[in-house]
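Q: Spelled out from the first residue to the last, the chains are:
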Amino acid sequence: MTTLAAVLDRPGVEVVDALDVPVISGAQCQGDLIALPRPLAAPATTPVPPGGVDLVPDSHTLLSCDGPACRFDVRDPGPSGPVLGVLTVPVGATAYLVHSEEHGANAFGPGTYEIRRQRERADVVRRVAD
Amino acid sequence: MHAAYATAGLPPPQRTLWMSSPLGGAVATAALGGRPVAPDALARWAGPGAARRILDELHLQWDGAASGRPGRPTGPDAAGELWRSLRSRLRRELGHGRAELLWERLGAEFDGERLGGRLWRGFSGPLRAHLAGRLREPAADPVRARLAEAVDPWAEAYLLARHRQAFAAAGVAVPERLAALDDAVRRTGWWWPLPDAVVLTERPTVLRHDRLGAPHAADGPAMAYADGVEVHAWRGTPVPADLVEGDGWEVSRILAEPDADLRRCAVERRGWDRFAAEAGLPQVGAAEPDPGNPGRELRLYELPAGIHGAAARLLVCENGSPDRDGTHRRFGLPVPADIPDPTSAAAWTDGVDRDGYAGVQRRT
Chain W
0 MTTLAAVLDR PGVEVVDALD VPVISGAQCQ GDLIALPRPL AAPATTPVPP
50 GGVDLVPDSH TLLSCDGPAC RFDVRDPGPS GPVLGVLTVP VGATAYLVHS
100 EEHGANAFGP GTYEIRRQRE RADVVRRVAD
Chain H
0 MHAAYATAGL PPPQRTLWMS SPLGGAVATA ALGGRPVAPD ALARWAGPGA
50 ARRILDELHL QWDGAASGRP GRPTGPDAAG ELWRSLRSRL RRELGHGRAE
100 LLWERLGAEF DGERLGGRLW RGFSGPLRAH LAGRLREPAA DPVRARLAEA
150 VDPWAEAYLL ARHRQAFAAA GVAVPERLAA LDDAVRRTGW WWPLPDAVVL
200 TERPTVLRHD RLGAPHAADG PAMAYADGVE VHAWRGTPVP ADLVEGDGWE
250 VSRILAEPDA DLRRCAVERR GWDRFAAEAG LPQVGAAEPD PGNPGRELRL
300 YELPAGIHGA AARLLVCENG SPDRDGTHRR FGLPVPADIP DPTSAAAWTD
350 GVDRDGYAGV QRRT
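Order-wise, the sequence lines are chains W and H.
Under numbering that gives the first Met the number 0, residues 0 to 129 are what the first sequence spells out, in order.
Under numbering that gives the first Met the number 0, residues 0 to 363 are what the second sequence spells out, in order.
Hints were generated in silico from the structure; no laboratory data involved.
By construction, the Cβ of each residue, glycine as well, lies at the ideal position given by its N, Cα and C atoms.
The reader is advised that the hints may include incorrect statements.
What the hints assert, rightly or not - If the Cβ cut is set under 10 Å, some of the chain W residues that face chain H in the computed set are:
id, residue
1, 21
2, 26
3, 28
4, 36
5, 38
6, 39
7, 74
8, 81
9, 90
10, 102
11, 116
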């Protein structure tokens with residue numbers, strides 16, 4: 000089994016406190032990102048590469064651990080849309096969302112999730128950069 | 000530098016001036032062209048310290064004689080002539096259709112967000128906006144005109160890279176003139192290739208950006224040069240120094256600011272949560288527990304029109320994870336004015352409904 004410490008030692012992954020990270024199949028948040036379970040959605044098909052997927056450059060990174068590779072399809076959110084993509088975690092696998100400095104890690108059990116970015120009201124609604 | 004002149008078929012520049020900043024370079028170039036800047040005017044534009052250092056640098060290197068052939072730059076890449084000749088060369092080598100197709104395909108890589116746009120937003124644009132703001136009075140016209148003519152490496156870098164890549168993809172050796180200019184641009188900051196002189200400037204001594212690549216520093220200049228020319232910026236917007244120094248602007252100063260962009264920057268710098276408390280914003284309903292964030296609460300406040308554009312409400316919440324100093328960072332997010340309660344406001348920021356947000360099991 001891949002430990003979180005091993006994940007965090009991967010090249011390009013900078014972080015953090017390798018404390019207990021509960022594996023959750025419900026909704027969870029990391030800073031300005033929210034992951035919502037979407038059991039009825041079409042599963043993602045693009046394998047997460049060994050180095051992970053940078054959901055937000057230099058901050059939030061998604062990693063695939065254990066079992067078959069997790070999958071993540073990027074959805075082009077447009078200038079103000081909040082959806083970043085769809086994550087599918089196969090049975091036996093775990094996906095970790097890690098942050099470069101500010102937030103603890105989150106772990107996802109099997110299932111399909113929609114990952115969204117927070118927005119705020121502005122003259123033109125823009126996504127938050129935390 | 001001499002190679003850049005030689006490959007352009009020009010005699011080497013007889014005089015070389017090194018200045019510390021783009022503003023210093025523009026002042027030196029104006030002076031060489033017979034338009035010296037008065038010390039008191041420069042002090043108004045750059046501050047007394049930077050003005051003195053700029054003029055000291057200039058007078059150590061220049062005896063006051065105007066250049067024999069001043070005027071507009073006609074050096075190695077003047078007025079786009081180099082770029083036009085390189086495109087013609089590509090068309091001769093590949094044929095018109097293939098050359099244009101290659102050029103367009105490379106454009107997607109080099110023009111947009113990947114390089115050209117990022118360099119402009121993160122470097123040239125804010126510096127030029129800052130200097131344009133400082134050089135508004137008519138006496139500054141000669142300096143402002145020279146700034147517009149500078150070879151700005153941040154603006155040139157993507158053109159140089161795109162042209163080099165075009166020749167590489169075409170299997171054609173990079174022309175000497177392009178290679179020489181590329182080499183010159185790598186070794187200097189902004190510069191002015193003049194007919195018989197060249198004015199060179201140093202790179203900045205401070206260059207700080209936020210995660211999106213916009214100039215940003217919360218406690219000092221985002222760009223600075225050795226002569227004391229400084230640009231303060233908040234997430235890409237040039238701002239007065241006192242907006243980011245110390246505690247930032249107080250509430251009364253923020254509310255008196257006519258520029259909405261500066262007002263927003265000042266509130267963000269002070270912190271929306273702190274601003275809400277200091278300004279005595281009326282709270283909407285009671286605080287509610289933040290789902291998935293045990294012990295933390297969500298609060299909603301009225302945000303009167305004029306502070307953040309139209310009337311809005313302000314959600315104040317806290318990070319799930321403590322900062323390294325153990326405190327939980329609090330922050331405020333403006334939300335639409337018709338949102339009824341704190342949990343609905345937090346749900347809106349994530350684009351979900353209240354029930355969806357209330358189901359969050361863990362927040363980090």
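Q: Kindly indicate which numbered hints from before are broken by the structure, ordering the numbers from low to high.
A: Violated hints (numbers, rising): 5, 6, 7 and 9; every other hint is consistent with the structure.
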